[in-house]
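*Asks:* From just these sequences and the hints, can you work out the full model?
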Amino acid sequence: MSTRTPLIYSPKVLEIFRNPKNLGAMQDASVVSQAGSPACGDVIRIYLKIEDGKILDASFESYGCAANIAAASILTEMVKGKTLKEAWMISWEEVAEELGGLPAIKYHCSILAVGGLKRAIRKYIDETRRERPDWLPVDLSKEERQALEEEELIEKMYKKHGRAP
Amino acid sequence: MRKVSEFLIEHGKPSREVYLDHENSGWVPPEVVNEMLPYFNQKGYGHPSITNRPGWEAYEVLESTLELVGRTLNVSDGELIITHSGTESNNLAIKGAALARTDKERYKIIVSAIEHPSVIFPARTLEEHGFKLVTIPVDNEGFVDPEMLEALIDEKTFMVSIQAVNHEIGTIQNLEELVKIVKERDEKIIFHTDASDAYARIPLDVKKLGIDMMTISSHKIHGPKGVGLLYVDKKIKIKSILDGALSTQRFWPGVENVPALAGFRKAVELAFTDFEKIVERMKVLRDRLIDGIIEKVPDVLLNGPRGEKRAPDNVNVSFLHVEGESITIELSTRGVYVSSGSACTSRVLEPSHVILAIGRRYEEAHGSILFKISRYHTEGDIEYALSQIPPAIQRLRTISPLGREIMEEAVD
Ligand SMILES: Cc1ncc(COP(=O)(O)O)c(C=O)c1O
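Quick mapping for you: the protein sequence lines, in order, are chains A and B.
Counting with our numbering, you get residues 1 to 165 for the letters of the first sequence.
Counting with our numbering, you get residues 1 to 412 for the letters of the second sequence.
One or more hints might be untrue.
Ranges between beta-carbon positions, derived for each pair [what the hints assert, rightly or not]:
no.: 1; chain 1: A; residue 1: E155; chain 2: B; residue 2: E128; range: 22 to 32 Å
no.: 2; chain 1: A; residue 1: E94; chain 2: B; residue 2: E128; range: 36 to 46 Å
no.: 3; chain 1: B; residue 1: E147; chain 2: A; residue 2: L23; range: 46 to 56 Å
no.: 4; chain 1: B; residue 1: R395; chain 2: A; residue 2: T83; range: 25 to 35 Å
no.: 5; chain 1: B; residue 1: H11; chain 2: A; residue 2: L23; range: 16 to 26 Å
no.: 6; chain 1: B; residue 1: D243; chain 2: A; residue 2: E94; range: 47 to 57 Å
no.: 7; chain 1: A; residue 1: E155; chain 2: B; residue 2: K237; range: 44 to 54 Å
no.: 8; chain 1: B; residue 1: N24; chain 2: A; residue 2: G101; range: 39 to 49 Å
no.: 9; chain 1: B; residue 1: T398; chain 2: A; residue 2: E97; range: 25 to 35 Å
no.: 10; chain 1: B; residue 1: T398; chain 2: A; residue 2: K82; range: 24 to 34 Å
no.: 11; chain 1: B; residue 1: L242; chain 2: A; residue 2: G101; range: 36 to 46 Å
no.: 12; chain 1: A; residue 1: E152; chain 2: B; residue 2: E128; range: 29 to 39 Å
no.: 13; chain 1: B; residue 1: H11; chain 2: A; residue 2: K21; range: 18 to 28 Å
Since the hints were derived computationally from the structure, they do not count as laboratory data.
Fair warning: this is a prediction, and the values are worked out from it, not measured in the lab.
Glycine residues also receive a C-beta, built at the ideal position from the N, C-alpha and C atoms.
*Replies:* So, in structure tokens, the structure goes:
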């Protein structure tokens, strides 16, 4: 049941929404990851180009609201030039802060973006068969877990409404 | 704390603006505002139930408004209760009738799956007090199946509430048939209809339809916010759901919003002057908008019926592969103001129950956009909207990873 709430975005969110940075698929990406699901109305895809444990380039695609687009865009800016370890340490709160703050019901957009980034880093390390660095936990991080939960939530909503996805 | 004022500066004021969100609230024409102004401090500023001149002047506004509305609805022996919104009228209809119920064997309330929350939620509240809520599904255009309704009603049924026109997808129910089914089965079942989006768009004849209760809201017809009406047939018993000092209303305590009523009276008068001509013109603009969108934007679904069974002011489409909230913001920066059934515009992160009820998938509901035509729109307004919608959708589709494969295949 839709109960609307006024979304008070920061001017920064609108500015990035209008002029997103690092937009689009990357042809020579070292790794691509995705978080969220179309049924939830939120999908973030992150592309990273990595060399010698450093993120040389990052880009994104986003299906979602203005906060979703802005969070993905600013995150790709934040990770450029960072080592994988530094990028892994970025929290969703930092992303929200960079955006000039987010309305509480939009926190999940920032979480999803960071979840997507962490998935990408984990996937890259898995795929390149590197030894797991000590900063990379075996268990999923909070953001990866929340992305997964959001993806699974839709199954529950479909069940509630009594139909197949 | 973020301030909207800063956001608005970043947003800027578009050089051209077309407001197509009259569903949610709307623009009030100057004639209506001018009609209201004297009632703040020149006349009728008194209390309509008090015996002094400004009080009688206030009462005159109530009397003439109800008389005018009564004529437009062809009500004869019943009462028009003044509330402050459609939400209040729906609550009064459902909870007020439940409170006045004498036959405790009747506890079933049937509502359609696409009712406004101000019908569904009061009905759910009654469930906590021993009533049973039965939701009747709709088909893929939003119509209630008369046979299904017939099968659902029984001797336990207390009330049926089915809206005349759906607020999101414009479906015009065949009320006459639905009322007939209920009443032929059992005269005692109360039939309520929420006509918030039907009044002043389609002809409504309360007597001919045989409706027991009907909700109307002022701001949905270019009146000011702050006035709702509930028609209650003489034979229906209701109880007040608010307690307080009664003014002129038996079932709604507190003082009436007289200036808003004066504005509403003017809005009604304007809506019913050249009613047919205005409605025909709205239909032309509506169809131009629908056809234009379908012609200019690929991967679009029309939600709701086409033609005579669609409200003259309603356009609702789902733009695939993009999300509704970002569409409303993108269009807003281009001066085209619309709303969406996306989850992102809601508090509970679930998309529109109306769009889901007609069988659309979640992602289709997330991309749904509602446009409402008003009689104040010009062809130029619609053409302007049609010039902005395709580039807006196109831009968001270049950001979205969805549907790319399909689009690339189409190019090959
Ligand atoms: C069908 C319907 N019913 C009721 C309402 C509630 O009316 P109000 O906004 O006056 O409370 C609305 C308003 O959006 C509506 O569309």
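*Asks:* Does the hinted range 29 to 39 Å hold for A:E152 and B:E128 at CB?
*Replies:* holds, 30 Å
*Asks:* Tell me if the beta carbons of B:R395 and A:T83 are separated by a distance inside 25 to 35 Å.
*Replies:* holds, 34 Å
*Asks:* Is the gap between the beta carbons of B:H11 and A:K21 within 18 to 28 Å?
*Replies:* Distance hint for B:H11, A:K21 holds at roughly 20 Å.
*Asks:* Taking the Cβ atom of B:E147 and the Cβ atom of A:L23, is their distance within the range 46 to 56 Å?
*Replies:* holds, 52 Å
*Asks:* So the hint says 36 to 46 Å: do the beta-carbon atoms of B:L242 and A:G101 match that?
*Replies:* holds, 39 Å
*Asks:* So the hint says 47 to 57 Å: do the beta-carbon atoms of B:D243 and A:E94 match that?
*Replies:* holds, 52 Å
*Asks:* Looking only at beta-carbon atoms, does the pair A:E155, B:E128 fall within the given range of 22 to 32 Å?
*Replies:* holds, 29 Å
*Asks:* Determine whether the Cβ-Cβ distance between B:T398 and A:E97 falls within the hinted range of 25 to 35 Å.
*Replies:* This hint holds: roughly 28 Å between Cβ atoms.
*Asks:* A:E155 and B:K237, beta-carbon distance inside 44 to 54 Å?
*Replies:* For B:K237 against A:E155, whose Cβ atoms are near 46 Å apart, the range 44 to 54 Å holds.
*Asks:* Taking 39 to 49 Å as the hint, is the beta-carbon distance of B:N24 and A:G101 inside that range?
*Replies:* Between B:N24 and A:G101, where Cβ atoms are some 26 Å apart, the hint is violated.
*Asks:* Starting from the range 36 to 46 Å, see whether the pair A:E94 and B:E128 falls in it by beta-carbon distance.
*Replies:* holds, 44 Å
*Asks:* Does the Cβ distance between B:T398 and A:K82 fall inside 24 to 34 Å?
*Replies:* The hint (24 to 34 Å, Cβ to Cβ) holds, given that B:T398 and A:K82 are roughly 27 Å apart.
Comparing the model with each numbered hint stated earlier shows that hint 8 is the single one that does not hold.
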